[in-house]
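> Each chain is listed here by its residues.
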Amino acid sequence: MEDGVTATQVVFWILAVVMLISAIGVVTAGNIVYAALFFIASLAGVAGIYLILTVEFIALVQLLIYGSAVVILILFALMLTRARERPQALFGRSRPLGIAASLGLLAALIGGIVATTWTTPESSAAIQPVGLQAIGDAIFTIWIVPFIIVGVLLSIALDGAIMLASPDEDDN
Amino acid sequence: MVLSEFAGVSMPDWIDALLRIIFIVALMTIMAFALIYLERKILARFQARVGPTRTGPIGTLQSIADALKLITKEDVRPITADRWAFELAPYMAFVPVFLVFVPMPFTETWFIRDLNLGLLFVFGVLGLNIVGVVMAAWGSDNKYALLGGVRAAAQAISYEIPMLLIVVAVVMVAAGRLAVDGDASAAGSINSIVGDQTTTPYILLQPLGFFIFIIGMLAELHRPPFDMPIAESEVVGGYFVEYSGMRWGMFFLAEYTALFLLVVLASSLFLGGWNWPFGADVGLGLQIVLTFVKTSVLIVLVIGSRALFPRLRIDQLMAFSWKVLLPFAIIQVIANGIILAYGGADWVVGLVSFGLLAALGGLVYYIMRRKQGEGARTVQTTPATPRVITAPEVTPVEAGGD
Numbered sequence: 030m031e032d033g034v035t036a037t038q039v040v041f042w043i044l045a046v047v048m049l050i051s052a053i054g055v056v057t058a059g060n061i062v063y064a065a066l067f068f069i070a071s072l073a074g075v076a077g078i079y080l081i082l083t084v085e086f087i088a089l090v091q092l093l094i095y096g097s098a099v100v101i102l103i104l105f106a107l108m109l110t111r112a113r114e115r116p117q118a119l120f121g122r123s124r125p126l127g128i129a130a131s132l133g134l135l136a137a138l139i140g141g142i143v144a145t146t147w148t149t150p151e152s153s154a155a156i157q158p159v160g161l162q163a164i165g166d167a168i169f170t171i172w173i174v175p176f177i178i179v180g181v182l183l184s185i186a187l188d189g190a191i192m193l194a195s196p197d198e199d200d201n
Numbered sequence: 014m015v016l017s018e019f020a021g022v023s024m025p026d027w028i029d030a031l032l033r034i035i036f037i038v039a040l041m042t043i044m045a046f047a048l049i050y051l052e053r054k055i056l057a058r059f060q061a062r063v064g065p066t067r068t069g070p071i072g073t074l075q076s077i078a079d080a081l082k083l084i085t086k087e088d089v090r091p092i093t094a095d096r097w098a099f100e101l102a103p104y105m106a107f108v109p110v111f112l113v114f115v116p117m118p119f120t121e122t123w124f125i126r127d128l129n130l131g132l133l134f135v136f137g138v139l140g141l142n143i144v145g146v147v148m149a150a151w152g153s154d155n156k157y158a159l160l161g162g163v164r165a166a167a168q169a170i171s172y173e174i175p176m177l178l179i180v181v182a183v184v185m186v187a188a189g190r191l192a193v194d195g196d197a198s199a200a201g202s203i204n205s206i207v208g209d210q211t212t213t214p215y216i217l218l219q220p221l222g223f224f225i226f227i228i229g230m231l232a233e234l235h236r237p238p239f240d241m242p243i244a245e246s247e248v249v250g251g252y253f254v255e256y257s258g259m260r261w262g263m264f265f266l267a268e269y270t271a272l273f274l275l276v277v278l279a280s281s282l283f284l285g286g287w288n289w290p291f292g293a294d295v296g297l298g299l300q301i302v303l304t305f306v307k308t309s310v311l312i313v314l315v316i317g318s319r320a321l322f323p324r325l326r327i328d329q330l331m332a333f334s335w336k337v338l339l340p341f342a343i344i345q346v347i348a349n350g351i352i353l354a355y356g357g358a359d360w361v362v363g364l365v366s367f368g369l370l371a372a373l374g375g376l377v378y379y380i381m382r383r384k385q386g387e388g389a390r391t392v393q394t395t396p397a398t399p400r401v402i403t404a405p406e407v408t409p410v411e412a413g414g415d
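Going down the list, the protein sequences come from chains A and B. For the first sequence, position 7 (counting from the first letter as 1) is numbered 36 according to this note's numbering, and the numbering increases by one without interruption. For the second sequence, position 293 (counting from the first letter as 1) is numbered 306 according to this note's numbering, and the numbering increases by one without interruption.
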């Protein structure tokens, strides 16, 4: 193997360790704000993996969306829970259900990974980076209907949020 | 992306990257000193004072004296503060801002990397800054800090959306113009956007864009009139109220670095950066002067707005973003799409955008006049009950919609 591949692997393993440790941190941290902060570290690791895969666009979108989303998560955690006053009970009565759900997801993912036939390119030079324009063309031509449906769904969610949050009436 | 530079590793690259990092940090420190000095001097002029005069010739060494004081100050951590969040927050606020340096074109060839997704990179990375702010706010275990942090988060998220949309509108125009030369896919790169403005700065094509960008910039930077997150008279400094010494200095440095970078971005996107009005052939010496002049004008504008405008209320701020700026940004994007799809000329784009800007100005004026009239009528009869829009009311939009 030439030098460049090794460096990529080193970066990959560093990112992988960061991702795994912070993913474990998300579920084991007793403090809900810590969990959210671990979550963003894990997502940043995923963005790094995207960078290695030369899909910079997805990496940046990952940072852009989840950066804000995690801030929102922290705000919700602060407003809806009493994060400071007492340690959060991580395990409730639904613990067996949770274990079952996560084991089921794990099984499904492993099954999916094993069942897929992965094509291995001859060399890293054979991998063509997907251009931004290609992504745009795909979204706005072939996949335009799903795109519109997602847009409508989000608009409905937005309207619902406004309906729920707005005070009863009389001032508009 | 510094990372991909490391991926093709060989020792000179490492040294190269390291040198660039050192250069940036040194440059930004000096720049922050200069900006702080300028801000104090300009602000003093607005308020009929003279500003710092004692340290060095006409007070020029004041910032350095302040920095020395900061470094020698004790680094205090409140005993109830959350240790990790408190100590790491300044770095989390500091590092993303410095990463934004990567795609900034100071001259035709002076940038770290010309990223094809430069604009997306800027906003993607700069958005992480707010995580540090919220960490600081929560970690300090101080009610004022928490209030300031929550305000900062709500504000940053609401103003990011019109700002990003208006940048999309600019990229649409740039793509339309670059397509004439053959490569529309370069429109995400800041340097090629500047390269296209040899004869026409985009402020003529997108005056509404410039307006919304500057407003969004002021809000992102927590500059007056959008400085509720750090308002001394309301939340005694906001999210960094518990910080002292060098950690406080890091927040400060991050803030001034962000100011400088966003101003360079604004001058690149709308004022033609190093290019307009002399073109790319004038040589690097004049290009850097052009960038310097344009950024200076914008910096004076930003600093001056601190002296000229009173602070808004948080509900006014939210209403302005969601009810005024966002609809206009969306209309601008749609209008650009329609005009460009039917091959409209540049002057049509500019005229429509200018019309939208005039409509925005008229609308705001009308609303203000009506509010003033209402206020005058109701002030004797009913006590004012401002409808405070708090963060949860706007947050679902971002969580699901971005």
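Hints in this document: simulated from the structure, not taken from any laboratory. Just so you know, these numbers come straight off a predicted model, no measurement behind them. Where is the CB? At the ideal position from N, CA and C, for every residue including glycine. Take the hints with a grain of salt, since some may be wrong.
[Unchecked claim] A few chain A residues facing chain B, derived, Cβ under 7 Å:
1) VAL62
2) GLU85
3) GLY96
4) SER97
5) VAL100
6) ILE103
7) LEU104
> Against chain B, with CB atoms and a cut of 7 Å, does the hint on VAL62(A) hold up?
Holds, because the Cβ-Cβ distance from VAL62(A) to chain B comes to roughly 6 Å (cut-off 7 Å).
> With a cut-off of 7 Å, does the beta carbon of SER97(A) approach a beta carbon of chain B closely enough for the hint to hold?
Result: holds, 5 Å to nearest chain B Cβ.
> Closer than 7 Å between Cβ atoms is the bar; does GLY96(A) clear it against chain B? Give me holds or violated.
Interface hint status for GLY96(A): holds (4 Å vs cutoff 7 Å).
> The hint names ILE103(A) as touching chain B; please verify it with the least Cβ-Cβ distance against 7 Å.
5 Å, holds
> For the hint on VAL100(A), does the least C-beta distance to chain B fall short of 7 Å?
At about 5 Å, which falls below the 7 Å cut-off, the nearest Cβ of chain B leaves the hint on VAL100(A) intact, so it holds.
> Just to be careful: measuring from the Cβ of GLU85(A) to every Cβ in chain B, is the smallest value less than 7 Å?
6 Å, holds
> Close enough to count: is the Cβ of LEU104(A) nearer than 7 Å to one in chain B?
Result: holds, 6 Å to nearest chain B Cβ.
Every hint, counting from the list given before, is met by this structure.
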